[in-house]
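Chemist: Model the full structure from these sequences, guided by the hints.
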Amino acid sequence: MYELKTKETDSSVIEFIEAVDNMKKREDAYKLLDIFTETTGHEAKMWGPSIIGFGMYHYKYATGHEGDAPLVGFSPRKAKISLYFAPGETKRDELLGKFGKHTSGKACVYINKVADINTDVLKELITESVKFLKETYPEQ
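Numbers given in my numbering equal positions in the sequence shown, counted from 1, plus 35.
Hints in this document: simulated from the structure, not taken from any laboratory.
Hints are supplied without guarantee of correctness; some may be wrong.
Computed cross-link-like contacts, DSSO-like style, restricted to lysine-lysine with a CA-CA straight-line distance of at most 30 Å [what the hints assert, rightly or not]: (1) Lys-115 - Lys-166; (2) Lys-136 - Lys-113; (3) Lys-95 - Lys-169; (4) Lys-42 - Lys-113; (5) Lys-42 - Lys-166; (6) Lys-158 - Lys-95; (7) Lys-126 - Lys-148; (8) Lys-169 - Lys-133; (9) Lys-42 - Lys-169; (10) Lys-42 - Lys-148.
Modeler: Pasting the structure below:
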(Lines of atoms letter the chains of each structure in order from A and count residues from 1; the text may use other names and numbers.)
(Lines give C-alpha, C1' and ligand atoms only; values in the text may rest on other atoms or scores of the structure.)
Protein backbone atom coordinates (compact mmCIF):
# COMPACT_ATOMS: atom_id res chain seq x y z
CA MET A 1 0.00 0.00 0.00
CA TYR A 2 1.18 3.53 -0.82
CA GLU A 3 2.58 5.40 2.19
CA LEU A 4 2.33 9.18 2.26
CA LYS A 5 5.72 10.86 2.61
CA THR A 6 4.39 14.20 3.76
CA LYS A 7 2.73 13.78 7.13
CA GLU A 8 2.26 16.17 10.01
CA THR A 9 5.15 15.89 12.46
CA ASP A 10 5.97 17.17 15.94
CA SER A 11 9.05 19.01 14.70
CA SER A 12 9.39 22.68 15.66
CA VAL A 13 8.45 25.21 12.99
CA ILE A 14 10.68 27.84 14.64
CA GLU A 15 13.69 25.48 14.75
CA PHE A 16 13.12 24.67 11.07
CA ILE A 17 13.01 28.37 10.13
CA GLU A 18 16.06 29.12 12.27
CA ALA A 19 17.97 26.44 10.34
CA VAL A 20 17.38 28.21 6.99
CA ASP A 21 20.87 29.28 5.86
CA ASN A 22 19.97 32.41 3.92
CA MET A 23 19.10 35.22 6.37
CA LYS A 24 16.79 37.02 3.89
CA LYS A 25 14.92 33.77 3.19
CA ARG A 26 14.65 33.20 6.96
CA GLU A 27 13.18 36.70 7.41
CA ASP A 28 10.71 36.00 4.59
CA ALA A 29 9.77 32.70 6.24
CA TYR A 30 8.85 34.58 9.43
CA LYS A 31 6.79 37.10 7.39
CA LEU A 32 4.97 34.23 5.68
CA LEU A 33 4.46 32.47 9.02
CA ASP A 34 2.67 35.58 10.31
CA ILE A 35 0.59 36.03 7.14
CA PHE A 36 -0.50 32.38 6.91
CA THR A 37 -1.24 32.12 10.66
CA GLU A 38 -3.24 35.35 10.70
CA THR A 39 -5.14 34.54 7.49
CA THR A 40 -6.01 30.90 8.28
CA GLY A 41 -6.41 31.13 12.04
CA HIS A 42 -4.49 27.83 12.25
CA GLU A 43 -1.29 27.12 14.11
CA ALA A 44 1.70 26.28 11.92
CA LYS A 45 2.77 22.63 11.89
CA MET A 46 5.63 20.88 10.14
CA TRP A 47 4.59 18.48 7.38
CA GLY A 48 7.42 16.16 6.48
CA PRO A 49 10.90 17.61 6.88
CA SER A 50 10.39 20.92 5.05
CA ILE A 51 6.78 22.09 4.62
CA ILE A 52 5.12 24.47 7.07
CA GLY A 53 1.41 23.72 6.86
CA PHE A 54 -1.74 25.28 8.26
CA GLY A 55 -4.90 23.36 9.04
CA MET A 56 -5.62 19.93 7.64
CA TYR A 57 -8.09 18.18 5.40
CA HIS A 58 -8.71 14.56 4.54
CA TYR A 59 -9.03 13.76 0.85
CA LYS A 60 -10.24 10.65 -0.93
CA TYR A 61 -9.96 10.26 -4.69
CA ALA A 62 -12.18 8.12 -6.92
CA THR A 63 -9.21 5.74 -7.23
CA GLY A 64 -9.49 5.00 -3.51
CA HIS A 65 -6.26 6.85 -2.67
CA GLU A 66 -6.75 8.96 0.44
CA GLY A 67 -4.76 10.87 2.99
CA ASP A 68 -4.33 14.05 4.99
CA ALA A 69 -2.71 17.27 3.82
CA PRO A 70 -2.39 20.85 5.05
CA LEU A 71 -5.00 23.29 3.76
CA VAL A 72 -2.20 25.67 2.71
CA GLY A 73 1.49 25.97 3.42
CA PHE A 74 4.92 27.10 2.35
CA SER A 75 8.53 26.00 2.33
CA PRO A 76 11.61 28.23 2.21
CA ARG A 77 13.65 26.07 -0.16
CA LYS A 78 17.19 26.85 -1.32
CA ALA A 79 16.27 28.02 -4.82
CA LYS A 80 12.84 29.59 -4.25
CA ILE A 81 10.08 29.78 -1.67
CA SER A 82 7.29 27.30 -2.45
CA LEU A 83 3.72 28.31 -1.61
CA TYR A 84 1.15 25.51 -1.49
CA PHE A 85 -2.45 26.17 -2.47
CA ALA A 86 -5.32 23.93 -3.58
CA PRO A 87 -5.08 22.86 -7.21
CA GLY A 88 -8.44 23.37 -8.86
CA GLU A 89 -9.38 26.49 -6.92
CA THR A 90 -11.23 28.59 -9.51
CA LYS A 91 -10.04 32.12 -8.63
CA ARG A 92 -6.37 31.13 -8.54
CA ASP A 93 -5.44 32.19 -12.10
CA GLU A 94 -7.20 35.53 -11.72
CA LEU A 95 -5.46 36.21 -8.40
CA LEU A 96 -2.06 35.14 -9.71
CA GLY A 97 -2.44 37.77 -12.42
CA LYS A 98 -2.27 40.41 -9.67
CA PHE A 99 0.18 38.53 -7.42
CA GLY A 100 3.56 39.82 -8.59
CA LYS A 101 6.73 38.02 -9.69
CA HIS A 102 6.24 34.25 -9.49
CA THR A 103 6.20 30.98 -11.39
CA SER A 104 3.72 28.19 -10.79
CA GLY A 105 3.10 24.48 -11.07
CA LYS A 106 -0.04 22.43 -10.42
CA ALA A 107 -0.23 22.98 -6.65
CA CYS A 108 2.80 25.20 -6.01
CA VAL A 109 3.53 28.83 -6.61
CA TYR A 110 7.21 29.78 -6.45
CA ILE A 111 8.56 33.16 -5.39
CA ASN A 112 12.07 34.50 -4.83
CA LYS A 113 11.13 36.82 -1.98
CA VAL A 114 8.10 38.32 -0.24
CA ALA A 115 9.03 41.80 -1.54
CA ASP A 116 8.24 40.55 -5.10
CA ILE A 117 4.57 39.85 -4.33
CA ASN A 118 1.39 41.62 -3.28
CA THR A 119 0.71 40.29 0.23
CA ASP A 120 -2.97 41.30 0.04
CA VAL A 121 -3.32 39.00 -2.98
CA LEU A 122 -1.42 36.30 -1.04
CA LYS A 123 -4.04 36.55 1.71
CA GLU A 124 -6.79 36.17 -0.91
CA LEU A 125 -5.05 33.10 -2.38
CA ILE A 126 -4.83 31.57 1.09
CA THR A 127 -8.48 32.36 1.89
CA GLU A 128 -9.80 31.04 -1.43
CA SER A 129 -7.71 27.86 -1.18
CA VAL A 130 -8.96 27.10 2.34
CA LYS A 131 -12.57 27.82 1.32
CA PHE A 132 -12.28 25.61 -1.77
CA LEU A 133 -10.83 22.66 0.19
CA LYS A 134 -13.41 22.95 2.98
CA GLU A 135 -16.21 22.91 0.38
CA THR A 136 -14.62 20.06 -1.60
CA TYR A 137 -13.85 17.94 1.48
CA PRO A 138 -16.51 18.96 4.03
CA GLU A 139 -16.08 16.07 6.51
CA GLN A 140 -13.52 17.90 8.64
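Chemist: Each hint should be assessed against the structure and marked as holding or not.
Modeler: Consistency of the hints with the structure:
{"no.": "1", "hint": "Lys-115 - Lys-166", "result": "holds (26 Å)"}
{"no.": "2", "hint": "Lys-136 - Lys-113", "result": "holds (17 Å)"}
{"no.": "3", "hint": "Lys-95 - Lys-169", "result": "holds (13 Å)"}
{"no.": "4", "hint": "Lys-42 - Lys-113", "result": "holds (21 Å)"}
{"no.": "5", "hint": "Lys-42 - Lys-166", "result": "holds (22 Å)"}
{"no.": "6", "hint": "Lys-158 - Lys-95", "result": "holds (27 Å)"}
{"no.": "7", "hint": "Lys-126 - Lys-148", "result": "holds (23 Å)"}
{"no.": "8", "hint": "Lys-169 - Lys-133", "result": "holds (24 Å)"}
{"no.": "9", "hint": "Lys-42 - Lys-169", "result": "holds (19 Å)"}
{"no.": "10", "hint": "Lys-42 - Lys-148", "result": "holds (26 Å)"}
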